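Asker: Keeping their order, the protein sequence lines are chains A, B, C and D.
Just add 1225 to wherever you are in the first sequence, counting from 1, and you've got this note's numbering.
Just add 1225 to wherever you are in the second sequence, counting from 1, and you've got this note's numbering.
Just add 1225 to wherever you are in the third sequence, counting from 1, and you've got this note's numbering.
Just add 1225 to wherever you are in the fourth sequence, counting from 1, and you've got this note's numbering.
Treat the hints with caution; some may be incorrect.
Said to hold, decoys possible - Simulated restraints, written as ranges between beta carbons of each label pair:
#	chain 1	residue 1	chain 2	residue 2	range
1	A	Asn1350	D	Asp1375	37 to 43 Å
2	C	Asp1515	B	Arg1342	23 to 29 Å
3	C	Met1226	B	Arg1342	55 to 61 Å
4	C	Asp1375	A	Thr1343	55 to 61 Å
5	C	Asp1515	D	Asp1442	56 to 62 Å
6	C	Trp1530	B	Asp1475	23 to 29 Å
7	C	Arg1261	D	Asp1442	41 to 47 Å
8	C	Pro1238	A	Asn1350	57 to 63 Å
9	D	Trp1530	C	Trp1530	53 to 59 Å
10	C	Gly1388	B	Gly1388	55 to 61 Å
11	C	Pro1238	D	Gly1265	29 to 35 Å
To be verified - With the Cβ distance kept under 8 Å, some of the chain C side facing chain D (calculated, not the full set):
#	residue
12	Asn1248
13	Thr1252
14	Thr1284
15	Ile1426
Everything labelled a hint here was simulated from the structure, so no lab data went into it.
The structure presented is a predicted model; accordingly, all values stated were derived computationally and were not measured.
C-beta atoms are modelled at their ideal positions from N, C-alpha and C, and glycine is treated no differently.
4 protein chains.
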Amino acid sequence: MRFFSDNAAPVHPRVLEAMAAANALDTAYDGDALSRQLDGRFSDLFERDVRALWVPSGTAANCLGLAAICPPYGGVVCHRDAHIQNDECGAPEFYTHGAKLMLADGDGAKMTPDTVRTVLDAIANDVHRVQPHAISITNATEYGRVYRPDEVAAIGELARSRGLRLHMDGARFANAVAHAGCSPADITWRAGVEVLSFGFIKNGGMSAEMLVFFDPDLVGATPQRRKRAGLLFSKGRFLAAQVLAMLDGDLWLDNARAANAGATLLAGGAGDRLIHPVEANEVFLRATPDEAAALRARGFDFYDWAAGEIRLVTSWDQTPDAIRPLADAIAAL
Amino acid sequence: MRFFSDNAAPVHPRVLEAMAAANALDTAYDGDALSRQLDGRFSDLFERDVRALWVPSGTAANCLGLAAICPPYGGVVCHRDAHIQNDECGAPEFYTHGAKLMLADGDGAKMTPDTVRTVLDAIANDVHRVQPHAISITNATEYGRVYRPDEVAAIGELARSRGLRLHMDGARFANAVAHAGCSPADITWRAGVEVLSFGFIKNGGMSAEMLVFFDPDLVGATPQRRKRAGLLFSKGRFLAAQVLAMLDGDLWLDNARAANAGATLLAGGAGDRLIHPVEANEVFLRATPDEAAALRARGFDFYDWAAGEIRLVTSWDQTPDAIRPLADAIAAL
Amino acid sequence: MRFFSDNAAPVHPRVLEAMAAANALDTAYDGDALSRQLDGRFSDLFERDVRALWVPSGTAANCLGLAAICPPYGGVVCHRDAHIQNDECGAPEFYTHGAKLMLADGDGAKMTPDTVRTVLDAIANDVHRVQPHAISITNATEYGRVYRPDEVAAIGELARSRGLRLHMDGARFANAVAHAGCSPADITWRAGVEVLSFGFIKNGGMSAEMLVFFDPDLVGATPQRRKRAGLLFSKGRFLAAQVLAMLDGDLWLDNARAANAGATLLAGGAGDRLIHPVEANEVFLRATPDEAAALRARGFDFYDWAAGEIRLVTSWDQTPDAIRPLADAIAAL
Amino acid sequence: MRFFSDNAAPVHPRVLEAMAAANALDTAYDGDALSRQLDGRFSDLFERDVRALWVPSGTAANCLGLAAICPPYGGVVCHRDAHIQNDECGAPEFYTHGAKLMLADGDGAKMTPDTVRTVLDAIANDVHRVQPHAISITNATEYGRVYRPDEVAAIGELARSRGLRLHMDGARFANAVAHAGCSPADITWRAGVEVLSFGFIKNGGMSAEMLVFFDPDLVGATPQRRKRAGLLFSKGRFLAAQVLAMLDGDLWLDNARAANAGATLLAGGAGDRLIHPVEANEVFLRATPDEAAALRARGFDFYDWAAGEIRLVTSWDQTPDAIRPLADAIAAL
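Please model the entire structure based on the sequences and the hints provided.
Answerer: Below you can see the structure in the form of structure tokens.
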């Protein structure tokens, strides 16, 4: 059974249905009736006027977002375990034309104002050093930790005081909101976030994420950059349809709650095998190679992480009944 | 009725069905069973071993292809009306890191060995001038003209003699093959084409094109570049599914034949309004603003082109019965 | 004798002396006493507050200037024979991260408002087309023609009306000013020029050009880009010294007048061999291969240009006595 | 007195003389008689056929070198205190079009095979991670430490075993060779170095460094990249003249020995204030702000480094008599 990534989870049936329905429209690019709803729908969700563009992958969302707030000669502070640093084959450098990622520390891939400040304070302010222009935080993090609104706000305040823009990689934004139990606004712009990569693909979508600019002016040349990267799909209505279906009836939140609950269930019997508190839909455990092999022998599929560590990821489609056998197997190790 | 672009045509039902079926798979990126069939299926189609990668847009296919054959300090000869020059917001320059497009002439957006040679011969071979590294031809062209295999081969021979790579932008490759009545091999690698952007989106697909390298070694770092551009979708199986559905039973050819037939029908009564011979699924007509307005008043939707010119594009889904009213209206102008 | 390029002319003795004198200073980069005079000295010269940065080559000056006014997804209108298009191996694309040059026509490599407008008006204003952001004119042009202040102003007015920035490639700016007999201000910012590459190397300098921003705010990140390109020399005082020596006593104008006079002398007996009016220090002549060979046999060194054409360039160091033998030889052909 | 950087030291009189003499030549770019000697002269020095190109700054040398061995989607392992990481405003990212620097540890800014291996072994070999393509070491390092030939060779062997190219930033190469007392060949290509930035500017030159390719084929498109960056100076003879003057009579070694001796003299009375062994021309000392102020009050100019640390750099032109007062002052603190 699939616990290696929510990346590979199925698409929610309501999303597929919405895509099929969108076939009847016949306007190209983002001129269709669905795409034109996005600004409004996300403005409603976030309780302020935003600009919201579909993009077809999380990497694209992150990197178009960073390109909007960091010039080629600038830097972006992020955690050293961030997806943009380790898992995008240099996409931030490609999209920004060579900006430098500046790596901060923090437990569970969470930065704090202190760890960010350590990076910033080591940078002499002269023309020889790449100067920081932005901070990027990931919520939920690569280790399934969640920044609560006050934690985001603390970094937001630091960003503002240093004249830096704040981006949030929300590939698992829904899981973070579901865990925090707050409004989407509280954990983003009210806490200082200016650009959000809002993920749907891991959460029941197929190929659509949203890039949200809380200050509409910040969108700048993002439409041009999106086109220039080959991301302005001619049949964009099928991306808009996915996202709108996820918003309808808060499917995005329901799916995230289900995935989070699955991880909590898994972690239940893990005891001190647990490496990180489980706050979203990822569980990191200590497990010997033999133990990992034993789990795999029973049909559970997951990633080896560092030596003696495994990663289990739950998805929106996995019911408690489907997860319980793995939870039991972990408890019984 | 939609005659403004095949870009906005519906997705073929068999494609949608194949996508729905792909939902049952659960492997990420291009590791799934469908994506892994692509090299083999396209090798069969082209009668030689090829490497075939899905990409989600024609711009992405073109520009990843060009990046594989032209370095940042090189140039690509293309027609001055080529899509890569005029309709991709500088994507070739973005993906190649600044290569220069070198613009050639030719009727109907078709270059000839002579018009390419005129460009090449004007370039002094020294370190001050950007040197050409590749030629890119579009088949069918922006004006719905088709390069026959012998015409491609003439440019292929020129490319080889000058040490240049040859790329074909086949956003409407199916329409070209359908018109030429040749094998896909004859009009590509047997004629010297080394990299092909093979379009499906305008022809009944949703969001998948194929980038085909006829010499598998030429693929080089394209997988890295695809990832780096945010184009390695985690749910890539839905792209592979589209393409495989289009190959099954030669749906790609049937669709193209239908679209081409529609254009031929439209052109039938156009007489000397016709600006270019109709060989694919586009019809360019002389029409005064009043005439254009009269057609629009009857519900036909199309683009104004240059002053006094209109462009009509037919699609796979438009039956003769659906097209005939416009054909009649044109004849009656 | 050297008539192939002013590129290779000797350095003026006063420049060499100034460089030797600069050796006594010992501050790095552009913090030295000479570099710090530049803003002031060029503000005086141009009769307004400017920002003036040394750069070590004309290509660097042009491309840092363009990068300041054109984003990666933008375009720069220039003449199709411009140096930035033909002689810089794609440096504009490198420095701007892929902006597109948009080529205009015009006799003698001079654009006019009409020829620029033809380019601009063909560009649909949508996200698919690279949009123009700037115009770059070369004064004196590649063919030794000079834009007079009113001609610059006409293009400046067009630029302003279209929201475009205006750059002047002044690799031979001194020759243009000498010919026009105007003030440097009249032919630049008073005529709408916002960024100037002010050349000294062809005119008696060794390795220093100036990049002048008439609106100090436009300098933007140019200091960072200069550093990032490896152009912020640690011993920058030797660049500043060159330029200041050229300004002292208007050496730059004297040198240009001498070079221009040489070209006028050469052209005197050329009659209808002359291809372009001689306004700066270049002479383009019709000459058969035999005639060219005859001149070379007498020790005159120059470039073949197009078929049946030769280019002769005079330099600041060539006296009338030194030039007269070639003038006579041409007249006697 | 200047101890803040060798960057600002005077140009050696023999270099100035050679530049003045080069004024008599009149060939442009690198076609002159001096530039054409460089391959041969450096082949002699390094005891094998090399390709040697002048470039006008150390940053340019490093980054053109890296661009020759690392593609845009690749990575370069370097020390976290390396000049390319901290002092070039992102020039490596600019020249390579976005390659990523991968930071290794090591005392005194010296990496070891172990610290490099730690970086390499943490990189999963898949398309999501930027893959390393090269290692760059600095000799002498930012802290004045020298890699001996066997230490270079150990890293060279690691590079070879992992399929990585090896670059040496030799901004202070002369100081390293002078300290190691070895041949230039032993500390470079015989130890696995493939590309060398050979510095002259800090060592008595004005504006010329050499980029040396030990495998002539590796030079690749470096001439095009040099031009494209605005670094192919039209009066390149003045760069070649500088370098040749430095080679004549081993001036480069004499100068480096003098600078190294100065640092050794300074360190003589420093006792346990010394932070790093003194092997080249840099001395890092512990000193309180009061102590630093006291030294400055006596006219000695230097950089504050980290808190409680100062950096003193000696230059080729500083005689023992000139240095002794500072040495005494340090000893007397």
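Asker: Decide, hint by hint, whether the structure agrees.
Answerer: We went through each hint and held it up to the structure:
Range check, asparagine 1350(A) to aspartate 1375(D): about 40 Å between beta-carbon atoms, so the 37 to 43 Å window is met. For the pair aspartate 1515(C) and arginine 1342(B), the beta carbons lie near 27 Å from each other, so the given range of 23 to 29 Å is met. A C-beta distance of roughly 37 Å is found between methionine 1226(C) and arginine 1342(B), which places it outside the suggested range of 55 to 61 Å. Hint check: aspartate 1375(C) to threonine 1343(A), Cβ distance near 59 Å, so the stated range 55 to 61 Å holds.
With their beta carbons about 42 Å apart, aspartate 1515(C) and aspartate 1442(D) fall outside the hinted range of 56 to 62 Å. Range check, tryptophan 1530(C) to aspartate 1475(B): Cβ separation about 56 Å, and the 23 to 29 Å hint is violated. For arginine 1261(C) paired with aspartate 1442(D), a C-beta distance near 45 Å keeps the hint of 41 to 47 Å intact. Checking the proposed 57 to 63 Å range against proline 1238(C) and asparagine 1350(A) shows it is violated: the Cβ atoms sit about 41 Å from each other.
For tryptophan 1530(D) and tryptophan 1530(C), the hinted distance range of 53 to 59 Å is satisfied, since their beta carbons lie about 57 Å from each other. For the pair glycine 1388(C) and glycine 1388(B), the supplied restraint of 55 to 61 Å is violated, since their beta-carbon distance comes to about 42 Å. In this structure, proline 1238(C) and glycine 1265(D) meet the distance hint of 29 to 35 Å, their C-beta atoms being roughly 31 Å apart. Evaluation of the asparagine 1248(C) hint against chain D yields a held restraint, the C-beta minimum of about 5 Å falling below 8 Å.
Given the 8 Å rule on beta carbons, the hint for threonine 1252(C) holds: about 6 Å separates it from the nearest Cβ of chain D. Taking 8 Å as the C-beta cut-off, the interface hint given for threonine 1284(C) holds, the closest approach to chain D being about 4 Å. For isoleucine 1426(C), the shortest C-beta to C-beta distance to chain D is roughly 6 Å, which falls under 8 Å, so the interface hint holds.
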